[in-house]
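Just so you know, the sequences run in chain order C and H.
Mapping to our numbering: the first sequence position 285 is 285, numbers consecutive.
Mapping to our numbering: the second sequence position 28 is 28, numbers consecutive.
Be aware that a few hints might be false.
[Claimed, not checked] Derived lysine to aspartate or glutamate pairs resembling EDC-like cross-links, with alpha carbons at most 20 Å apart:
1. LYS196(H) with ASP2(C)
2. LYS200(H) with GLU7(C)
3. LYS197(H) with GLU7(C)
4. LYS181(H) with GLU23(C)
5. LYS16(H) with GLU8(C)
6. LYS16(H) with GLU23(C)
7. LYS196(H) with GLU8(C)
No wet-lab data here; the hints were simulated from the structure.
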Amino acid sequence: MDFNLTEEQIMIQQAARDYAERELIQDVSERDAKAEYPTQHIKNIAELGFLGMMVDPAYDGGGMDTISYALAIEEFSKIDSSVSVIMSVQNSLVNYGLDKYGTHEQKEKYLKALARGEAIGAFLLSEPEAGSDATMQRTTAVDKGDHYLLNGTKNWITSANAASYYLVIAQSQPEMGHKGINVLIVEKESSGISLGPHEDKMGMRSSDTHSVMFQDVKVPKENRIGEEGFGFSFAMKTLEGGRIGIAAQATGIATGALERSIKYSKERKAFGKPIGNHQAIGFKLSDMAVKVEAARNFVLKAAWLKDNNMPFGVASAMAKQYAADIAMEVTTEAVQIHGGYGYVKEYHVERLMREAKLTQIYEGTSEIQKIVISRSLLQD
Amino acid sequence: MKILICLSNVPDTTTKVKFTGDNTAFDKTGVQWIINPWDELALTRALEIKEASGGAISSVTVATVGGTEVEPTMRKGLAIGADDAIRIDADPKDAYYVAAQLAEVAKDFDIVMAGIEASDYNGSAVGGMLAEFLNVPSVSSVSGMNVEGGNVTVTREIDGGSEKVGVEAPFVAVVQKGITKEPRIPAMRGIMMARKKPLKVVPAVEVEALTEFATYELPEPKAACKMVDADNVRELVDLLKNEAKAL
Ligand SMILES: Cc1cc2nc3c(=O)[nH]c(=O)nc-3n(C[C@H](O)[C@H](O)[C@H](O)COP(=O)(O)OP(=O)(O)OC[C@H]3O[C@@H](n4cnc5c(N)ncnc54)[C@H](O)[C@@H]3O)c2cc1C
């Protein structure tokens with residue numbers, strides 16, 4: 001077993017850390033307060049290649065492994081998860097899905113621009129009535145010969161406004177249940193698409209989240225990914241990989257909170273000594289560090305399995321559930337360690353706590369991950 | 001025109017420095033190595049100049065004196081954007097020795113940039129010595145550089161302000177902060193390309209080092225801060241005079 005990162009992985013980790021510490025930190029609180037989209041940062045990280053990290057270089061991607069990607073997501077998330085969620089949806093849902101299952105023509109037309117980060121992508125699965133139970137798709141894509149006619153509403157869509165291309169999951173043959181579901185590449189500029197208002201979120205407020213309405217939107221047949229009825233399976237397979245991204249994000253949030261807590265525990269004095277020297281605080285730090293380390297190992301293991309073409313679905317569910325849950329615990333303790341200062345914006349830990357909460361919800365709630373894990377345990 | 005960056009491999013600035021062998025050697029275990037910050041700025045500026053030169057600057061090369069262990073740091077230079085790299089296979093003993101080694105390589109270049117110092121030994125000697133070996137002008141404290149149509153102007157920091165100097169290549173620029181805003185972050189593409197770019201290894205030339213390190217000492221640990229009551233000026237003056245010996 002080799003726990004060493006490669007030279008390239010270390011360089012990527014450092015590059016992400018440098019960008020986050022130098023640039024993201026400057027306006028992260030302001031963007032959070034104003035719920036302002038990080039337009040310039042997204043442009044910058046696109047130029048650095050962070051939006052197409054794992055895509056095949058033949059389609060203008062970086063050709064990097066999942067470990068590198070997880071390390072980069074973790075570094076960005078230590079400071080700013082609004083940026084890292086945009087990056088995560090782009091890399092591990094949209095690009096991965098197209099790269100793995102798209103045709104050459106689809107990749108030429110859509111993936112190249114996405115991999116270069118010149119176009120942003122969004123992944124549209126959730127609906128007002130279909131969240132955890134994604135089989136209950138009400139959005140329909142009716143076969144009209146040379147095109148599908150798309151109708152329905154998607155909810156909670158990250159990058160809905162910024163994106164040029166959507167991957168939309170929709171029901172084409174309701175009588176076949178989830179086997180009738182398709183996945184279509186939809187250009188946002190198509191007529192019949194409208195957006196709901198920007199969601200006023202608890203955290204990751206600088207990422208843009210909207211509902212998306214489709215009314216008689218024509219989608220050419222050649223924009224279907226995979227065979228007829230492949231949509232549900234596509235969504236589940238992509239989300240397996242996506243969970244590594246969110247697990248890395250949660251690990252980053254927890255790490256950021258831990259690092260800030262260690263620093264603060266050395267500086268802040270109470271009863272004549274640094275608070276870290278009070279065992280109650282020292283032990284909190286110790287518990288936090290153990291959890292963060294375990295979460296990171298989970299993430300890297302899942303990424304390693306994926307990179308080595310081994311089944312990684314259960315590992316990524318474990319990583320996501322554990323990392324998200326400990327991110328919530330660790331950030332809550334970080335606020336506690338900071339006392340009153342933790343409850344105000346200046347020290348960032350209250351924001352990290354708000355961000356952590358989302359990692360337990362999207363791309364499969366913690367409860368859903370437990371269903372995935374327990375099913376695999378009970379399978380004969 | 002061709003630019004050479006003298007790139008030194010130094011411990012990360014947050015390294016907890018320790019010594020071994022009865023304080024005669026720096027303990028390298030567990031140390032994270034980086035490009036010397038001034039060299040990284042020089043490299044960044046060189047690339048900016050090259051990109052704006054419309055082909056007038058044909059290449060930017062990095063050169064390092066060191067064993068194979070410096071290659072990851074050199075590849076970081078390649079990832080940032082240098083075209084090729086030259087490693088001079090020798091243990092960097094002292095500034096004179098390093099300058100002599102670099103001179104062998106640097107004679108083929110028009111503009112040679114060296115950091116004002118390296119963040120490990122802070123010797124501030126290599127750049128000047130290198131110019132002397134090459135018998136070319138050296139410009140010190142360079143905080144800006146422009147190349148236009150083959151004419152090079154550099155900005156130097158001087159007491160109370162700065163001056164602009166025209167220089168004729170070949171020359172050595174000893175670079176300090178301000179030469180560019182921030183070191184460039186390598187793009188993913190650059191990182192993946194780094195191993196594919198040429199990294200040439202050349203043998204050392206025979207020179208004697210002029211100095212050798214006898215022993216090292218760590219600075220005294222910082223004393224804890226003493227609080228004096230705001231009303232108690234007498235005690236403050238007494239402490240400043242007799243304990244801190246600052247008055
Ligand atoms: C900011 C944000 C961004 C998002 N981005 C996207 C996006 O880009 N694309 C996209 O498609 N979706 C996105 N989502 C949607 C997200 O994936 C869903 O919110 C999530 O899957 C949960 O679905 P739900 O909100 O409908 O909750 P529900 O499914 O209604 O769940 C409610 C509660 O019931 C629990 N629950 C449900 N079923 C079970 C069960 N069988 N056993 C035990 N407990 C259960 C859940 O764990 C949860 O606690 C985003 C959500 C948010 C908040």
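Structure-based check of each hint:
The straight-line distance between the Cα atoms of LYS196(H) and ASP2(C) is roughly 24 Å, outside the 20 Å bound, and the hint therefore fails. Annotation: proposed proximity of LYS200(H) to GLU7(C) holds, straight-line Cα distance about 19 Å (limit 20 Å). Simply put, LYS197(H) and GLU7(C) have alpha-carbon atoms about 15 Å apart, close enough for the 20 Å limit, and the pair holds. Distance check on the hinted pair: LYS181(H) and GLU23(C) sit about 13 Å apart at the alpha-carbon level, within 20 Å; holds.
Restraint check for LYS16(H) and GLU8(C): not satisfied, since their Cα atoms lie roughly 25 Å apart, outside the 20 Å limit. A hinted pair counts as satisfied when its Cα atoms are at most 20 Å apart, and LYS16(H) with GLU23(C) does not qualify at roughly 26 Å. As the CA atoms of LYS196(H) and GLU8(C) are separated by approximately 12 Å, the hinted pair is consistent with the 20 Å bound.
Hints 1, 5, 6, counting from the list given before, are not met by this structure.
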